[in-house]
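Peer 1: Protein chains in written order, with the working numbering: chain A, 1 to 394; chain B, 395 to 788.
Since the hints were made in silico from the structure, they are not lab data.
For every residue, glycine included, the Cβ atom is placed at its ideal position computed from N, Cα and C.
Be aware that one or more of the hints could be misleading.
Said to hold, decoys possible - Counterexamples of contact, computed for chain A against chain B with all Cβ distances above 10 Å:
(1) M26
(2) A27
(3) D85
(4) R90
(5) A194
(6) F204
(7) E218
(8) G303
(9) Y304
(10) L311
(11) A341
(12) N349
(13) H352
(14) L382
(15) E386
(16) K390
What the hints assert, rightly or not - Partial list, computed: chain B residues near chain A (C-beta under 8 Å):
(17) I396
(18) R401
(19) Y438
(20) V449
(21) T465
(22) G499
(23) M662
(24) L673
(25) G674
(26) P679
Claimed, not checked - Ranges of calculated distance between the beta carbons of each label pair, as one might list FRET restraints:
(27) B:E426 to A:G223: 48 to 56 Å
(28) A:R17 to B:E582: 39 to 47 Å
(29) B:G407 to A:N12: 37 to 45 Å
(30) A:A27 to B:A657: 31 to 39 Å
(31) A:S260 to B:Q736: 35 to 43 Å
(32) A:K8 to B:A657: 14 to 22 Å
(33) B:G407 to A:K234: 25 to 33 Å
(34) A:E32 to B:F659: 29 to 37 Å
There are 2 protein chains.
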Amino acid sequence: MISDVMRKNVENGSQIRAMFQMGKEMAKEFGEENVYDFSLGNPYTPVPEEFAQAVRDCLDEYSSTELHGYTDNRGYEDVRQAMADNLNKRFGSHYTADNIAMTVGAASGLNAILKTLLNPGEEVIVLCPYFTEYRNYIANYSGVLVEVKCDDNLMPDIADLQAKITAKTKCVIVNTPNNPSGAIYTDEVMKQMAATLEAKQKEFGTDIYIISDEPYRELVYDGAKNPFVPDYYKNTIVGYSFSKSMSIPGERMGYLAIGSDVADFEMMMAAVSTAIRILGPVNAPSLIQKAVAKCLDAQTDVGYYDENRKLLYGSLTEMGYECIKPQGAFYLMVKTPIEEAQFVELARNKYHILVVGTGSFGAPGYVRIAYCCSREKIERSLPAFENMAKELGL
Amino acid sequence: MISDVMRKNVENGSQIRAMFQMGKEMAKEFGEENVYDFSLGNPYTPVPEEFAQAVRDCLDEYSSTELHGYTDNRGYEDVRQAMADNLNKRFGSHYTADNIAMTVGAASGLNAILKTLLNPGEEVIVLCPYFTEYRNYIANYSGVLVEVKCDDNLMPDIADLQAKITAKTKCVIVNTPNNPSGAIYTDEVMKQMAATLEAKQKEFGTDIYIISDEPYRELVYDGAKNPFVPDYYKNTIVGYSFSKSMSIPGERMGYLAIGSDVADFEMMMAAVSTAIRILGPVNAPSLIQKAVAKCLDAQTDVGYYDENRKLLYGSLTEMGYECIKPQGAFYLMVKTPIEEAQFVELARNKYHILVVGTGSFGAPGYVRIAYCCSREKIERSLPAFENMAKELGL
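Bound-form chain A, shown alone (with noise of 0.2 Å):
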């Protein structure tokens, strides 16, 4: 027998990937062609020349047992730094290789840094709409899970940030290019949050964190520049991820930043370090680490999902959707005309338009279109899309 709360989830499952699944199911019922699968944030675009070269030129540079060797918890040094490098160009940060932990993808640095920060029932805020495995990463230390709402705009709602903070809370996950909604928040939305969580850590005389979630950070679009979460908040810990701008998500390769002037600092690296190992990561794939940081400016084509977006945004808006004009990442939010389920279920049942309701990311009457997906994709389901408006007398 396994274990009770293991039971649930798996009964409960991932709404994502249980459609995605259907999906591989309903393509082999009604065929390829037939079927608009838009449920999972899939990278679609080529990972970048420069990746592949630079995993051969590491296999010709390296010795076999230094390439492929445990490294420090937090990574090689060499490759750290470069992280460090990298963002103090690009953001004008001062962090060194000290200040870096490389990660097996995004997700395993949100876990370190949660195991490291959280007693439990501990609280965590969450700014709706939110990527719904931030519940599961919370549940893992026993943490609470607090959601703030959002505004007619899907943007945090500061008023309610304010109201939801107790003596209780750890820290605030801030998710910008965000997952669903494709929102940045501006800066004044930025500058709000920061005011408020320095006015709370004096009120209640406790550290309160916010953990940027970065994984779209390279997804923008329209010049649309992404607030540097650190440059607003000192106690600020960036979690990044190379699965989207790299094309890269099977590779699990990420990091952790942190500043040394974050409360703690000294002691959360060292435990950081140890989570990594006890967790069971023990430390990012080597190879990957010294690929990556041998190719740090590489990005995949992020101009086709500009041109997805233009084409999906326009065209559903056209028809008589109601739909949030994505700024990054790549996602779009569709109000639903009808019940959120009800939604869902039309689709994919009628219309064989695979999308998942946003009631679990903490924003019921959307859905989420992922558009990392072929142009053709797109093109091929606009006529299923155009019925499907057309039923519901939009």
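Could you slot chain B onto chain A? The hints should help.
Peer 2: For chain B alone, coordinates are given in the frame of chain A:
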């Protein structure tokens, strides 16, 4: 402020990792050639040529999005099938892809299965001497570690095992070849263990699982035969790692193998898949999954470790040290003629020999010497061991 548990964890530290750091500092002070660091089980022998070739071949054969994209949380299906086929060929087992979950090394595999199995307060039996990290893995899921004594040959004391099993016993971690003792559990011991567990399952009406942690499976000497644990006991979950067999510990590649006849198999495999996702790994690194699957029979130079073993065991025994002759893995346990901590300090401070006391492995009164190092380091260290033996009057 970080969490109380992690603060304590950092303060207590990992004895092994601390010793390893100390070794580096001493090498700076006294010269690398005058320090004999045997603290860390870090594979020394080169990676087999087939592995580097397999990585290159993968880059040529697969599209970048397939090779570096998300895989199923359990890994690529063809990779899982390759693991199953290889196990079946070697051990006559009947695994398929559905019985395998690829993991970020054995450590992540152990974490995933312990998260899957444990309700808070349930008991995990470890057999002295045992790998100290099990403590942390069990504590991660609020399990209770229960030690079972060993006999004078460092084999599990079956009478004590019988006495320690309760209605709350969820699993027993078996590790043969053993870290730190190098022992291989005998056919007799495995049969007695299995009979004991079968009887206790009936007595309590519970499922009791063996988690067989097998990173050293391929490292056996003198033609010894390591038991294939599922042959002895049905409710066995095998955890494997390629870290030692292919000398690629930094790449973090391993798997769990769970037979279809293991109690609660289907729910368990679904939960393992979920655990791999929500604990952060998401999937084992994709390129390396494909690469190991291409060269499953490749091995590092096990003969080199064997020569190290013979040299070290022979020399120390001749000097008068009482040693447990290892049959597998790459560790040698030496009885300390003085108090364990005193011996560790004397060896380090006066003779620059770094070894780890095995009190924290549940076997006080010994030190562990990791001989996964260059022959030359062992040769260089022998006069220091000799002088120490003289001082100790051996």
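Peer 1: A separate judgement is required for each hint: does it hold in the structure or not?
Peer 2: Hint check:
1. M26: Non-interface label on M26 of chain A holds, nearest chain B Cβ at 18 Å vs cutoff 10 Å.
2. A27: Consistent with the label, A27 of chain A stays out of reach of chain B, its closest Cβ about 16 Å off (over 10 Å).
3. D85: 22 Å, holds
4. R90: 24 Å, holds
5. A194: 20 Å, holds
6. F204: 12 Å, holds
7. E218: Correct as stated: the minimum Cβ-Cβ distance to chain B is 16 Å, above 10 Å.
8. G303: 17 Å, holds
9. Y304: For Y304 of chain A, whose nearest Cβ neighbour in chain B is about 12 Å away, the distance exceeds 10 Å, so it holds.
10. L311: The claim holds: L311 of chain A sits with its nearest Cβ about 20 Å from chain B, beyond 10 Å.
11. A341: 23 Å, holds
12. N349: 25 Å, holds
13. H352: 22 Å, holds
14. L382: 24 Å, holds
15. E386: 29 Å, holds
16. K390: K390 of chain A clear of chain B: closest Cβ-Cβ about 35 Å, beyond 10 Å.
17. I396: With a minimum Cβ separation of about 5 Å from chain A (threshold 8 Å), the hint on I396 of chain B holds.
18. R401: For R401 of chain B, the interface hint holds, since the closest Cβ of chain A sits about 6 Å away, which is under 8 Å.
19. Y438: 7 Å, holds
20. V449: 6 Å, holds
21. T465: This interface hint holds because 6 Å falls under the 8 Å limit.
22. G499: Hint holds; G499 of chain B Cβ to chain A Cβ min 6 Å, cut 8 Å.
23. M662: 5 Å, holds
24. L673: At about 6 Å, which falls below the 8 Å cut-off, the nearest Cβ of chain A leaves the hint on L673 of chain B intact, so it holds.
25. G674: 3 Å, holds
26. P679: With a minimum Cβ separation of about 4 Å from chain A (threshold 8 Å), the hint on P679 of chain B holds.
27. B:E426 to A:G223: 48 to 56 Å: 53 Å, holds
28. A:R17 to B:E582: 39 to 47 Å: 46 Å, holds
29. B:G407 to A:N12: 37 to 45 Å: Roughly 38 Å apart at Cβ, these two residues keep to the hinted range, so it holds.
30. A:A27 to B:A657: 31 to 39 Å: For A657 of chain B against A27 of chain A, whose Cβ atoms are near 35 Å apart, the range 31 to 39 Å holds.
31. A:S260 to B:Q736: 35 to 43 Å: 39 Å, holds
32. A:K8 to B:A657: 14 to 22 Å: 19 Å, holds
33. B:G407 to A:K234: 25 to 33 Å: Check passed, 28 Å falls within 25 to 33 Å.
34. A:E32 to B:F659: 29 to 37 Å: 31 Å, holds
Checked against the numbered hints listed earlier, the structure breaks none of them; every hint is satisfied.
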